[in-house]
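Given the sequences, and given the hints that come with them, work out the whole structure.
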Amino acid sequence: MSTVGSALPSPVAVAPARRAWSRPVLLALTLVLAVLAAVRFGAVPISAADWLNGPWSDAPKTGGAHVLWHLRLPRLGLTLAVGAALGLAGALSQALFRNPMAEPSLLGVTSGAAAAVALTLTVFAGLHAALPAEVRLWLLPLVGFCGALAVCFALDRLSRWLAPGSIAALLLCGLALQAMTFAIVGLCSFIANDEQLRAINFWTLGSLAGANWIMAAVMGGALLVLGALALRVAPRLNALALGEAAAAHVGIDVERLRWQCIGMVALLSALAVAWCGSIGFIGLMAPHLARQLVGADQRRVLPNAMLAGALLLVVADSFARTLAVPAEIPVGVFSALIGAPWFLVLLRGAVRRMGSA
Numbered sequence: 002m003s004t005v006g007s008a009l010p011s012p013v014a015v016a017p018a019r020r021a022w023s024r025p026v027l028l029a030l031t032l033v034l035a036v037l038a039a040v041r042f043g044a045v046p047i048s049a050a051d052w053l054n055g056p057w058s059d060a061p062k063t064g065g066a067h068v069l070w071h072l073r074l075p076r077l078g079l080t081l082a083v084g085a086a087l088g089l090a091g092a093l094s095q096a097l098f099r100n101p102m103a104e105p106s107l108l109g110v111t112s113g114a115a116a117a118v119a120l121t122l123t124v125f126a127g128l129h130a131a132l133p134a135e136v137r138l139w140l141l142p143l144v145g146f147c148g149a150l151a152v153c154f155a156l157d158r159l160s161r162w163l164a165p166g167s168i169a170a171l172l173l174c175g176l177a178l179q180a181m182t183f184a185i186v187g188l189c190s191f192i193a194n195d196e197q198l199r200a201i202n203f204w205t206l207g208s209l210a211g212a213n214w215i216m217a218a219v220m221g222g223a224l225l226v227l228g229a230l231a232l233r234v235a236p237r238l239n240a241l242a243l244g245e246a247a248a249a250h251v252g253i254d255v256e257r258l259r260w261q262c263i264g265m266v267a268l269l270s271a272l273a274v275a276w277c278g279s280i281g282f283i284g285l286m287a288p289h290l291a292r293q294l295v296g297a298d299q300r301r302v303l304p305n306a307m308l309a310g311a312l313l314l315v316v317a318d319s320f321a322r323t324l325a326v327p328a329e330i331p332v333g334v335f336s337a338l339i340g341a342p343w344f345l346v347l348l349r350g351a352v353r354r355m356g357s358a
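Going by the working numbering, the first residue of the sequence shown is number 2, and it counts up by one from there.
Read the hints as simulated data drawn from the structure, not as lab findings. C-beta atoms are modelled at their ideal positions from N, C-alpha and C, and glycine is treated no differently. Hints are supplied without guarantee of correctness; some may be wrong.
To be verified - Each pair of labels, with its calculated beta carbon distance range: (1) ASP254 <-> PRO101: 22 to 28 Å; (2) ASN202 <-> VAL45: 22 to 28 Å; (3) ALA130 <-> ASP254: 41 to 47 Å; (4) ARG161 <-> VAL251: 17 to 23 Å; (5) GLY244 <-> VAL326: 49 to 55 Å; (6) PRO327 <-> LEU230: 37 to 43 Å; (7) LEU72 <-> SER190: 27 to 33 Å.
Quick look at the structure:
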């Protein structure tokens with residue numbers, strides 16, 4: 002009897018495992034429902050016949066079919082990829098800096114990419130205009146990556162130089178770099194002409210209205226590659242949570258891990274900013290939501306942060322498209338309206354923990 006009884010799993014052991022699997026499934030199902038709602042609702046209604054009247058069909062294209070296949074679906078694909086990229090970038094930032102309030106936009110990484118793009122559109126406008134349209138599609142992500150990487154490097158070095166290991170110093174350095182990059186964007190706005198100013202305002206507020214299938218495919222492909230790389234470094238990020246000394250003691254090359262994460266965060270932020278503008282707070286909220294669902298193991302946090310980021314951005318973009326039809330509200334406005342109160346709640350919790358420590 003004792004042997005049989007010991008072979009049976011206890012309810013206490015089974016229940017957490019069921020919750021661990023059911024919560025990500027619930028998150029994925031919520032994302033599916035949000036995607037279906039985003040396809041269904043908008044300025045132009047979509048019918049079942051519009052789904053059959055795709056690019057392969059010889060039938061005359063209706064207005065609903067054109068909107069579905071050339072506007073709404075590419076935009077939804079880019080929204081999913083950008084949201085997942087921002088969620089992954091936020092999770093990597095928080096794991097790398099061991100700071101639950103770290104996020105690409107709060108640390109100045111996103112604004113660094115935006116500043117590089119603004120300089121390209123104004124100061125180097127002649128070079129930008131001289132390039133073929135096919136090259137210009139890749140130029141902005143490239144210069145955005147350089148700007149984001151420069152801010153990541155400066156943030157890492159400044160925080161280590163001023164106050165090693167201090168969360169407050171990290172955030173203050175991020176805010177200082179963010180203010181400096183915003184000043185560059187402001188200067189570019191001052192010297193820009195009307196066309197350049199409209200483009201800069203697009204990057205500042207954030208919008209997914211210019212989406213096409215090429216952007217969605219490139220962003221999705223980059224996300225698959227970087228997501229696979231992130232999952233490979235997830236066990237080392239778990240060890241890094243114990244501290245750099247402990248991680249180095251178990252044989253982890255901390256400096257190499259740091260540069261791998263900085264490169265991934267910079268590339269993810271640059272691609273999102275260069276094509277969609279500055280969309281803040283998604284990278285802050287998504288990792289917290291993932292940790293509430295699956296715990297602190299980075300092997301599970303990273304993929305669920307991608308799901309959560311995609312869900313948050315799909316919901317924000319759906320509101321941006323539908324609340325002021327036929328006009329459209331910048332999606333960055335909704336992400337900030339949701340994310341700013343969330344950040345204050347997190348900050349309040351951090352203050353309480355520091356007071357009780």
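Hint-by-hint comparison with the structure:
1. ASP254 <-> PRO101: 22 to 28 Å: Holds, since ASP254 and PRO101 (Cβ atoms, about 25 Å apart) stay within the stated range.
2. ASN202 <-> VAL45: 22 to 28 Å: This hint holds: roughly 26 Å between Cβ atoms.
3. ALA130 <-> ASP254: 41 to 47 Å: Holds, since ALA130 and ASP254 (Cβ atoms, about 44 Å apart) stay within the stated range.
4. ARG161 <-> VAL251: 17 to 23 Å: holds (22 Å)
5. GLY244 <-> VAL326: 49 to 55 Å: holds (52 Å)
6. PRO327 <-> LEU230: 37 to 43 Å: holds (42 Å)
7. LEU72 <-> SER190: 27 to 33 Å: Taking Cβ atoms as reference, LEU72 and SER190 lie about 29 Å apart, which means the hint holds.
Going through the hint list in order, the structure satisfies each hint without exception.
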